[in-house]
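Q: Protein chains in written order, with the numbering used here: chain A, 1 to 292; chain B, 1 to 314; chain C, 1 to 329.
Keep in mind that a hint or two might mislead.
Stated by the list, open to error - Computed, partial: chain A to chain B, Cβ under 10 Å:
#1 Arg116
#2 Ala146
#3 Leu224
#4 Pro238
#5 Leu246
#6 Gly247
#7 Leu253
#8 Ala260
#9 Val261
What the hints assert, rightly or not - Computed footprint of chain B on chain A, listed as stretches where at least three residues anywhere in the stretch have a Cβ under 8 Å from a Cβ of chain B:
#10 227-237
#11 271-281
Hints listed in this document are in silico derivations from the structure and should not be mistaken for laboratory results. Cβ coordinates follow ideal geometry from the N, Cα and C atoms, glycine included.
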Amino acid sequence: MSATDFRPKPQLVTGAVDAIPLMIKLCLIWLGAMMVIALLADVISPQHYTTQDLTARFRPPLGWGGDWDHPLGTDNLGRDMLSRLIYALRTSILIAIVGTLIGAVCGTLIGFAAGRLRGFFDLVAMMLTGVQTALPSLFIAITFLAFVGNNLIMFIILVSLEGWERYARLARGLVLSEQNSDYIRAVEGLGATSGRVVFRHLLPNIIAALVVQATLNFPGTILLETSLSFLGLGIQPPNASLGLMLGEGRRYLLNAWWIAVLPGLVISVTTLAMSLFGDWLRDRLDPTVGRQ
Amino acid sequence: MQSLIAIFFRFLRAVFTLMFCVTLVFVVLRTAGDPAEQLLPPETPPDVIQSYREAWGLDRPIFLQYALWLENVSRGDFGTSFASRRPVLDLVTETMPRTLLLGASALFVATLLGLTLGIAAALRRGTFTDQALMAGAVLGYSMPVFFLGILLILLFDLQLRILPSSSAKTLTHLILPTVTLALPLAGRVARFARTAMLEVMGRPFIRTAKAKGVGRLMVILRHALPNVAVPLLMFFGIEIGLVLSGAVVTETIFAWPGLGRLLVDSVAQRDLPVVQGVILMITAIIVLSNLLVDLLHAVIDPKVSMARTLGGGA
Amino acid sequence: MTGPVLVAQYLSRVYEAKTGLWGKPRPVRAVDDISLNVTKGETLGVVGESGSGKTTTGRMLLGLEAPDSGTVHFNGAPLPLLGSPAWRAQRMRMQMIFQDPMAALDRRLPIATQIAEPLVIDLIGDAHEQARRVQELLESVGLSRDLSRRYPHEVSGGQRQRAVLARALATEPDLLVCDEPVSALDVSVQAQVLNLLGDLQKRLGLTMVFISHDLRVVRQVSHRIAVMYLGRIIEEGNSDDLFARPGHPYTRALVSAAPTPGKPATDRIVLRGDPPNPANRPAGCAFHPRCPAVMDRCRSGAPPALTQAGPGWRIACHLAQPVSAKGAA
């Protein structure tokens with residue numbers, strides 16, 4: 001017997017901050033900071049993101065010859081990089097959150113409905129998840145954006161496609177495994193409606209797994225949004241999105257690297273933090289979810 | 001017999017997926033508006049549009065139009081690009097090999113790099129090396145492809161001036177796009193390989209081989225690796241789609257004249273016949289490579305493949 | 001005197017059993033032409049081995065499963081269509097107790113919440129009244145109040161079954177169907193729960209159907225007993241009569257295996273042959289391969305019909321036929 005067997009097992013208890021590794025704490029701090037900045041964009045941003053100053057174009061950030069007027073420099077139209085980053089962050093994070101929520105809610109509902117109704121609906125839903133697995137959401141999104149045209153609602157719906165099929169499978173699997181258990185039969189025997197059975201009794205069984213799935217999915221949603229915006233198919237100027245800023249900054253790499261690199265850094269660190277947090281959460285809460 | 005049934009089901013699913021996507025494009029096209037106006041250049045005179053409408057059978061019932069559409073698509077007739085006035089099929093067949101070259105070289109690099117790092121991490125499980133490698137892997141696939149590409153351009157083209165970053169004139173032009181596309185994939189492969197390797201290394205036959213005094217490298221090459229190959233194959237089946245969507249972005253950054261760049265350019269110019277052709281072609285590539293992986297799997301491991309096919313999930 | 005609360009006539013339930021992946025589905029008669037009635041305040045025991053169709057019968061009596069043929073009348077009216085609003089509204093009048101109380105409760109909700117659930121579903125009282133009713137119910141099933149915040153896995157098996165009982169009683173139902181309610185419990189706890197069921201029945205005037213494979217348990221709570229074999233009732237009668245003079249050879253075997261306290265165990269009849277399999281029903285009387293008194297006529301032809309053998313006493317056996325003929329005359 002090795003000594004490690006006698007170590008107390010770490011447990012996830014609310015308030016047990018010590019049990020969280022330093023790395024995860026850093027991730028959470030970063031994510032929290034990004035959330036706060038996104039929420040308070042109007043208050044903390046030094047300038048409006050569209051304010052141009054053509055006399056101050058391509059100013060470098062502090063440390064590369066810049067000054068405190070524009071701590072992160074300016075872009076090709078003399079707009080303050082810091083302000084634009086803050087607003088772009090707000091756009092990207094909001095779209096990713098709304099998209100993740102829509103995807104999670106719709107996917108879960110479809111999965112529940114497929115499991116409860118079975119039959120034709122189930123068949124169609126499962127075929128659709130098969131198609132979604134085979135076809136990356138980027139192509140589906142591009143098809144719609146190309147043929148139907150772009151608007152914000154459409155764009156958010158397309159972004160929410162990322163990963164919906166994973167929620168659907170999770171929810172359907174749970175319904176099928178729990179449907180014939182005595183407690184579901186008992187509750188149905190009490191006269192409970194299907195909605196009550198699903199939301200009061202089935203959903204709580206799966207909520208932890210869904211949260212983990214949403215956390216793991218979030219980076220994918222951000223990447224889908226920023227990729228589309230980068231390609232010029234998503235958020236349109238003069239609005240700012242992290243992907244769009246990067247796409248615009250690409251043209252000035254030689255003279256003004258910061259226009260592209262700064263938003264790229266923000267995206268990368270955010271998705272990295274979310275991925276690490278999601279992995280950690282999965283291992284903590286539900287070691288069986290997400291394994292192939 | 002079992003593998004035959006499994007193959008049959010896989011085939012059925014591939015056909016369904018393909019049909020679904022073709023139908024989806026048809027439906028999106030029709031709901032978006034009059035295809036004659038959509039697919040013809042904006043400056044086309046009304047009487048020409050009307051004649052095309054009749055030629056394409058747009059005045060006929062919708063299910064006949066659908067049948068006609070299926071027939072055209074199956075003949076590879078996606079229409080004519082109104083940007084270049086060339087048949088879409090020509091444009092697609094011209095650019096596709098470059099995308100396949102990029103994708104294949106990225107897959108190769110990613111597998112080599114990912115497997116090596118993943119196995120190295122598995123063998124040093126729990127050490128700092130393991131943790132660092134895995135953190136690197138997460139970083140690899142968390143970083144957006146377009147940002148990675150831009151960093152590589154900044155470093156190797158603009159700063160060091162040792163590698164070209166635009167167009168596809170020589171083979172050295174392939175290096176930066178390949179690395180850009182391969183790194184995120186390598187991160188995923190490394191994580192996957194580590195998990196698969198740890199699982200295999202825990203099995204009794206590996207322990208027996210070790211106990212018999214077989215050298216470590218031999219254990220890995222002869223016993224562990226072949227057993228990791230099957231799950232890895234399945235993994236690639238899933239990743240093909242992601243490689244292609246990564247290729248769209250990568251090709252755009254490096255001006256690599258492949259399918260992805262054609263797609264993005266066509267969308268920007270609203271050259272819809274080309275968009276439609278590229279999307280269908282990419283769908284076909286994904287579905288066919290998935291089918292190939294499935295068939296290989298069904299042949300190598302009929303029982304498991306069968307269970308996966310009939311068991312519901314994908 | 002009140003009439004029957006529950007009347008079931010000619011109930012049958014046929015399942016499709018699949019043989020293999022490509023096999024043709026074969027019909028399996030789980031329940032075959034059963035008629036029953038239960039009067040108010042009475043407990044009907046249903047005894048049978050596994051595969052006798054007793055659980056399916058119970059679910060059909062409650063309307064949780066629709067019979068393929070036959071009718072169930074509850075308080076004089078036919079049961080509403082399964083899943084319809086009327087059916088849902090009727091749930092509060094008829095309740096079921098399951099075998100495994102752990103499985104019958106939601107692991108993630110405290111006991112009190114689950115006991116209150118039927119009240120919430122049927123919108124009985126406001127939150128305050130519901131809380132008071134839960135306390136009442138806890139008390140009436142002998143659970144202390146401080147258990148109400150506990151989760152199912154935090155209490156004992158007996159306590160869990162009491163909680164299930166409290167939940168079933170929350171809407172003051174007229175009919176309670178108990179399917180093997182004590183067989184998952186320790187023997188020492190079984191008696192307590194059985195006593196509780198008996199007490200509650202007397203106190204609340206409940207009508208009960210008590211399903212079990214164990215004749216001793218059934219006898220403790222039942223006024224009348226129906227014995228099932230391969231989807232049919234083969235004997236039905238007054239609890240005491242049935243024990244004193246079992247008519248059907250199968251009942252005789254069951255009674256001999258369940259000695260009554262006070263009486264010396266008489267010769268135990270041991271049944272030979274395979275346990276019954278509904279997918280493979282023998283021709284003639286379904287019991288004939290295992291019957292110690294088998295005759296030629298038992299092996300073929302129609303199975304013996306359930307016929308009157310005395311007041312409130314019915315037997316389905318060729319041996320009992322002459323008696324019934326006299327009794328009916």
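Q: Hint by hint, note whether the structure agrees.
A: Each hint tested on the structure:
Given the 10 Å rule on beta carbons, the hint for A/Arg116 is violated: about 16 Å separates it from the nearest Cβ of chain B. Given hint, A/Ala146 at the interface with chain B, holds; its Cβ is 4 Å from that chain's nearest Cβ, closer than 10 Å. At a threshold of 10 Å, the smallest CB-CB gap from A/Leu224 to chain B is about 9 Å, leaving the interface hint in force. The beta carbon of A/Pro238 comes no nearer than 18 Å to any beta carbon in chain B, farther than 10 Å, and the hint placing it at the interface is violated.
Nearest Cβ of chain B to the Cβ of A/Leu246: about 6 Å, under the 10 Å cut. The hint holds. Taking 10 Å as the C-beta cut-off, the interface hint given for A/Gly247 holds, the closest approach to chain B being about 8 Å. A hinted interface residue such as A/Leu253 counts as satisfied when its beta carbon comes closer than 10 Å to some beta carbon of chain B; here the least separation is about 6 Å, so the hint holds. At about 5 Å, the closest approach between the beta carbon of A/Ala260 and any beta carbon in chain B falls short of 10 Å, and the interface hint on this residue holds.
Annotation: interface hint on A/Val261 holds; nearest CB of chain B at approximately 7 Å, less than 10 Å. A stretch counts as covered by a chain when three or more of its residues have a beta carbon under 8 Å from one of that chain; for the stretch 227-237 of chain A and chain B the count is 5, and the coverage holds. Residues of the stretch 271-281 of chain A lying with their CB closer than 8 Å to a CB of chain B number 6, which satisfies the three-residue condition for coverage.
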